[in-house]
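Assemble chain A onto chain F, guided by the hints.
Residue strings, one per chain:
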Amino acid sequence: MDTHRHLDDELSSLRDRVLLLGGEAEQALDRAMYSLSERDSEVARQVLDHDDQIDHLEVEIDRQCIDIIALRQPAARDLRFVISVAKMAPVLERIADHACNIARAAIDLNNEPELKSLLDVSRMSEHALKMLRAALDSFTSSDAITAREIIKSDSEINDLYNHTFHRLIELMVTEPATATRDARLLFVAKHLERIGDYVTDICELTVYMAEAAFIKHSIKL
Amino acid sequence: MPVQTAAPRIEVKASAPPPTAGGKAKVAVRGLDFFYGRVQALHGISLEIPERIVMAFIGPSGCGKSTFLRTLNRMNDVIPGTRVGGQVLIDDHDIYAPGTDVVELRRRVGMVFQKSNPFPKSIFDNVAYGLRINKVTSSSSELAGRVEEALKDAALWNEVKDRLKTSALSLSGGQQQRLCIARALAIRPEVLLMDEPASALDPIATSKIEELIFDLKKQYTIVIVTHNMQQAARVSDTTAFFLLGKLIEVNATEKMFTAPNEKLTEDYITGRFG
Chain F
640 MDTHRHLDDE LSSLRDRVLL LGGEAEQALD RAMYSLSERD SEVARQVLDH
690 DDQIDHLEVE IDRQCIDIIA LRQPAARDLR FVISVAKMAP VLERIADHAC
740 NIARAAIDLN NEPELKSLLD VSRMSEHALK MLRAALDSFT SSDAITAREI
790 IKSDSEINDL YNHTFHRLIE LMVTEPATAT RDARLLFVAK HLERIGDYVT
840 DICELTVYMA EAAFIKHSIK L
Chain A
21 MPVQTAAPRI EVKASAPPPT AGGKAKVAVR GLDFFYGRVQ ALHGISLEIP
71 ERIVMAFIGP SGCGKSTFLR TLNRMNDVIP GTRVGGQVLI DDHDIYAPGT
121 DVVELRRRVG MVFQKSNPFP KSIFDNVAYG LRINKVTSSS SELAGRVEEA
171 LKDAALWNEV KDRLKTSALS LSGGQQQRLC IARALAIRPE VLLMDEPASA
221 LDPIATSKIE ELIFDLKKQY TIVIVTHNMQ QAARVSDTTA FFLLGKLIEV
271 NATEKMFTAP NEKLTEDYIT GRFG
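As they're listed, the protein sequences go chains F and A.
Here the first sequence stands for residues 640 to 860, numbered as in the numbering used here.
Here the second sequence stands for residues 21 to 294, numbered as in the numbering used here.
Check before you lean on any hint, since a few could be wrong.
Stated by the list, open to error - Pairwise CB distance ranges, derived in the manner of DEER restraints:
{"id": "1", "chain 1": "A", "residue 1": "ASN248", "chain 2": "F", "residue 2": "HIS645", "range": "18 to 24 angstroms"}
{"id": "2", "chain 1": "F", "residue 1": "ASP647", "chain 2": "A", "residue 2": "ASP235", "range": "34 to 40 angstroms"}
{"id": "3", "chain 1": "A", "residue 1": "ASN248", "chain 2": "F", "residue 2": "ASP647", "range": "19 to 25 angstroms"}
{"id": "4", "chain 1": "F", "residue 1": "HIS645", "chain 2": "A", "residue 2": "GLY193", "range": "27 to 33 angstroms"}
To be verified - Okay, derived cross-link-like pairs now, BS3-like style, lysine-lysine, Cα gap no bigger than 25 angstroms in a straight line:
{"id": "5", "chain 1": "A", "residue 1": "LYS238", "chain 2": "F", "residue 2": "LYS855"}
{"id": "6", "chain 1": "F", "residue 1": "LYS726", "chain 2": "F", "residue 2": "LYS791"}
{"id": "7", "chain 1": "A", "residue 1": "LYS44", "chain 2": "A", "residue 2": "LYS266"}
{"id": "8", "chain 1": "F", "residue 1": "LYS726", "chain 2": "A", "residue 2": "LYS237"}
{"id": "9", "chain 1": "A", "residue 1": "LYS172", "chain 2": "A", "residue 2": "LYS238"}
{"id": "10", "chain 1": "A", "residue 1": "LYS44", "chain 2": "A", "residue 2": "LYS237"}
No lab work stands behind these hints: they were computed from the structure.
By construction, the Cβ of each residue, glycine as well, lies at the ideal position given by its N, Cα and C atoms.
If we strip away everything but chain F, and leave its shape as in the complex, we get (with noise of 0.2 angstroms):
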C-alpha cells in the first residue's frame, strides 16, 4: 500500500508545517508583547522582519494542501485534515500580521513616555497566548471537547477588551496628554481580541475536522 504510505508521509508533514506556522505566529505574539512591556524596540523590529518567513510558510502550506488535493483526492477524515489546515494556515497568518501590528505600536509607544500602566492590554495577551497553545494543542489531538471550551474561553478576552476600551476612553478625556498614547493602546487591545477571534476559527476548524461538524456561526456550542 505504497500509495496509502504516502499520503500518510504528505499529511504529517503538512501538520508539521502547520504547527510550525502556528508556533510562528504564537512566537511573533509572544515577542511583540515583550517588546511593548519591556520597551524593547529591538525585540519588535526582529517580529517585523520575521513576517516574510511566516507568510512563506503561509504559502507553502497552500500549495501542498492543493498538491495533496489534486494527487492523492483524500476523502472522509484526510479530506477534512487538508480542508482544515487550508483553512487555518491563513487565519495563523492573520494572527502574526497583528502581532506584527502590535509590534509596530510598541516601538511607536516605546518612542514616547512610558504609560503608567498598560491596564489590563497585558492580560488580554496571555489569555490570548493562552487560548492560541491551547487551540494548537487541540488540533493535534483532534480534540473538539476542548476546541469547544476554548471558543467558551474567548469572552474573556471581549470582556477584558470592553473594559479596557471605556477605560482607555476615560484617561482620554480625563488626562488629553496621553490620548495618542492611549489610542495606541487601544488599537493594541484591538488586535488582541481580534486574534481571540481567529483563535475561535482555528477551534471550530478542529471541530470540523474531528466530528465533521459545523459550528462556525452557530450559537450552540
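Frame of chain F, contents of chain A only:
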C-alpha cells in the same frame, strides 16, 4: 436467452428495516442472502433504492457488490448451484416470486457490463435487437424512431447518425460502451444496472459515460458498481459500501466521502484498509 426457473429459495431471515435514502423506493431488498453452492456470498442485505437516483456500490474485490447487482435482475440465475434467500421487490413485486417472467424482468431492469459487448452487427441492428426480439414495434419507421431516440439518450446519435449501417465493431471502446447503453435503453427499462461501465475506458470516454449517467437519472433509476471511488463520488446520489458480503453502510454520497458513519467505510475510502 432461455427463461430461467426461479432459483431455490431459503428461509427468509428477520432483518433490520432497510436503510431508506429518501423518496419512493423503486427497489427494496429485504434480508437478501446469496450462495454460490455452499459459499455464502451475501449476508442479509437490506436496502432501498429510491426512484430516479444514481446509487453506487463500492467495496473491495470479492465483497459481493457485483453479485448483489446481478440479483436485482436475476442474472445470477444462469450460474449453476446458486441459491437466494430474502426478497427483492421492484415496485413492491418480489422478483423471486414463483411465476415471475424473467425475460420481462430483464426488460424492466436493463444491464450494462464492464466490457462493451456489441453484437457483430450494424450499429442500427445492435440497438434494434431488443426491440425486434421483444416485438416492441411492427413498423420500420417506428423502429427507426426508437433506435434514434435510444442513440440520442445514450449521447451517441451525433457521432453515428451517418453510419448506422456500419459494423458496431468499428466504433471506439467508449462509443461501443455507449452503444451498449443505447441497446439497453431502447427497450425503455425502468432500472439500469451498470457493472463497472467505464473501467476499460480512457478519461474522455469515461467522462462521457459519467455525463450520460447524470442525464439518464432524470428518467431512470441507476445502480452502478465501481472500483473508482472518485467516479462514485462524481456520479452518484447515494453510495453503498459492501465488505465480505455484508452491507456496511448506505449514505448520501457527499456524507459518505466526507464523514461516513462507519469506521470500516472510513478506512476503505481513505485507503487504510487491511
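Consistency of the hints with the structure:
no.: 1; hint: A:ASN248 x F:HIS645: 18 to 24 angstroms; verdict: holds, 19 angstroms
no.: 2; hint: F:ASP647 x A:ASP235: 34 to 40 angstroms; verdict: holds, 39 angstroms
no.: 3; hint: A:ASN248 x F:ASP647: 19 to 25 angstroms; verdict: holds, 22 angstroms
no.: 4; hint: F:HIS645 x A:GLY193: 27 to 33 angstroms; verdict: holds, 31 angstroms
no.: 5; hint: A:LYS238 x F:LYS855; verdict: violated, 35 angstroms
no.: 6; hint: F:LYS726 x F:LYS791; verdict: holds, 21 angstroms
no.: 7; hint: A:LYS44 x A:LYS266; verdict: holds, 24 angstroms
no.: 8; hint: F:LYS726 x A:LYS237; verdict: violated, 35 angstroms
no.: 9; hint: A:LYS172 x A:LYS238; verdict: holds, 14 angstroms
no.: 10; hint: A:LYS44 x A:LYS237; verdict: holds, 14 angstroms
Of the numbered hints listed earlier, those contradicted by the structure are 5 and 8.
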